[in-house]
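Since the structure of chain A is already known, use the hints to place chain B with the ligands on it.
Here is how the chains run, residue by residue.
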Amino acid sequence: MAGNRNILEIRELVVQAGDKRIIDGLNLTIPCGEVHALLGPNGSGKTTLMMTIMGFSNYKIIGGRIVFKGRDITNLEINERARMGIAIARQRPPTIDGVRLRNIMAYQIDRGIGDAERIAAYVKKAGMEEFLDRSVNAGLSGGEIKRSELLQLLMMSPEFSMLDEPDSGVDSGALRDVRELINSLFTLDDNHPAKRKAGLIITHSGHIIDHMSLDKAHIMHRGRIGCSGHPNLMMDRISRFGYEGCDRCLGEVE
Amino acid sequence: MLKDNGFRETGGEKTEGSSILEREDVTELARSGVLMDSEERSGTVVFRNHTPVCFDAGNGDFELLPVTEALKRYDWVREKYYFYAVEEDMDEMTLRCARQENPVGFFLRVREGGRVTLPFQAAMYMTEENVEQIVHNIVVVEKGASLEIITGCLTRQDILRGSHLAVEEHYVGEGARLVTTMVHSWGPEVIVHPRTGTLVAEGGEYESRYISLKPAKEVVINPMVYLNGRGAVARDLTIVLSTEGTTVDTGGVITLIGKDTSAELLQRGVCIGGVLKQGGLLVGKERCRAHVDCAGMLLDESGAGSIVSVPGLEASHPDARMSHEASLGKISPEQVEYLMSRGMAEAEAITMLIRGFLGVDAAGLGEDLDRQIARIVDIAGHGEA
Ligand SMILES: Nc1ncnc2c1ncn2[C@@H]1O[C@H](COP(=O)(O)OP(=O)(O)O)[C@@H](O)[C@H]1O
Ligand SMILES: [Mg+2]
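Chains A and B supply the protein sequences, listed in that same order. Here my numbering is used: the first residue of the first sequence is 1, the next is one more, and so on. Here my numbering is used: the first residue of the second sequence is 1, the next is one more, and so on.
Isolated chain A, as found in the complex (with noise of 0.2 Å):
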């Protein structure tokens, strides 16, 4: 929508996967152009809040709604919603049984969603070359996985781009073709002269924080947004003290 500055707001959102209330009240925006950081500790609900965004059945929302692009787009299909631009890398995605990643990438090209050359060239980078003709994400490493997913996004082109621990599970020595495949991603937005294309990244290790320039960072803690911040600085406390302020710190402002 012309004149949209932000291209992601969630409001008040509650989110309940199994019978257990994960995400309660949670609020964050997006402006076009920026990529975040989310932070803080397992079982925070980080991923229940991608999984959500992309709108997986496991997560029913309960209450509050997601705009995107100024489209309320709560209850909107999982296929629809990539198809405005949103994708996930996930942090354990499953093994799809006898459908190849080489079917996943013709599937793109077919739709004129990705452009052939562009496609191999990413193929070739990812070093996912051997693992074209494999059931997706079957018998991969942790690494391999990665790789997998961030590839797959790559031949999509999204808007909007969420990477669940891209770098978790990567040994030192790729970490750095993990970090070009992710710079490769958030590459110039073709609709604007100056932005880059928008996202949300969650990880653990300063490493993507220290590498990338991000705008701004995230702490979720009990299903909400704990606080926000300047990516380094955030990172650089919870490197040293953890999270362990934070039960101290919301407490307070409650």
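Bear in mind the hints are in silico, worked out from the structure with no lab data behind them. All the pointers check out, no bait thrown in.
Simulated restraints, written as ranges between beta carbons of each label pair: (1) A:V14 x B:S302: 33 to 41 Å; (2) B:E334 x A:K125: 26 to 34 Å; (3) B:S302 x A:N4: 46 to 54 Å; (4) A:N42 x B:E334: 17 to 25 Å; (5) A:H211 x B:R287: 56 to 64 Å; (6) A:S141 x B:G329: 24 to 32 Å.
Partial selection, computed: residues in chain B whose CB lies under 8 Å from chain A: (7) Q335; (8) E337; (9) Y338; (10) L339; (11) S341; (12) R342; (13) G343; (14) M344; (15) A345; (16) L353; (17) G356; (18) G359.
Positions of the beta carbon are idealized from the N, C-alpha and C atoms, including for glycine.
Positioned in the frame of chain A, the structure of chain B with the ligands alone reads:
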């Protein structure tokens, strides 16, 4: 039109297959992989009901004769290749086929060392109600030769009833290679009982793919392969769909007789109704390696459809290394959603998963099958509210 005895001699000029067949027939045949007047085929045989309407040896490096003619011309055909890989008194069906005075069918021989690069194709096509088609085909691939055959067995789309009985004998010589792809596409009340037997000599290789996505009322398939020679190899892939009101029973027996033979028997079936039975028996009589794997996917939620999966092993030699595997399941919603997150609509995602499950990419039949599978998914989709 061709005359009654209408066969052409081998090596003659091309008969114009499509001028004899109506345009709609040509389209129908293409659904089973039989492409008329295509540059992609080395030769073509089409039987319509009881009559051969195309018998074209193309420019293939092989000998093609009506089976009656081959029996007349060569004594050795009757001695070595006629009811040898399939036993004449195996059952009522084979007896009926043997009793025919002038059996309908073809004899195809690739001579020693001959390599036919393009696939040969054959169609058993029924265009009238209640036809009882009986055919007997014999394929001989001599020492060191190689051949690929695509066979389409089908009824025209408006035909409901009929019966198809085929005896197919394959002889794979020393170090020879034969690849067969058979696509079945039948009317809903048709009864289908093919009897296929294959003998493989030392170092020979036999690969067979059977695909049935438009099932008849009753299909019973139980091809027999005998790996007689040392180091002979067989690979057998069966891909079937069962729908409401059908019984599809696919088996297969591979007997490993020669030393160091190996075999793989794969069954892939999707049941959206009806009864799907999957079998597959490996018999190891020498030092050998063999694996049988049956996998079924049940997409019918009404409880009317069922799958029975029974892979079997039999060994009479201590060095026969054999294994079996069977699994039944349904389409996983998690996998569907994963593909939807890559932009696919639900039906597209399900199609891709069924394709993947059936392994049709591996069978390499391309777009026609794609369309058929898309149709299956449509049918399957009706089951879900
Ligand atoms: N499908 C589900 N059913 C029940 N509980 C779930 C489900 N998914 C996640 N949870 C629970 O929700 C909490 C948050 O999980 P998650 O979003 O994966 O956290 P994070 O990614 O921050 O580590 C955890 O306690 C987890 O066990
Ligand atoms: Mg997580």
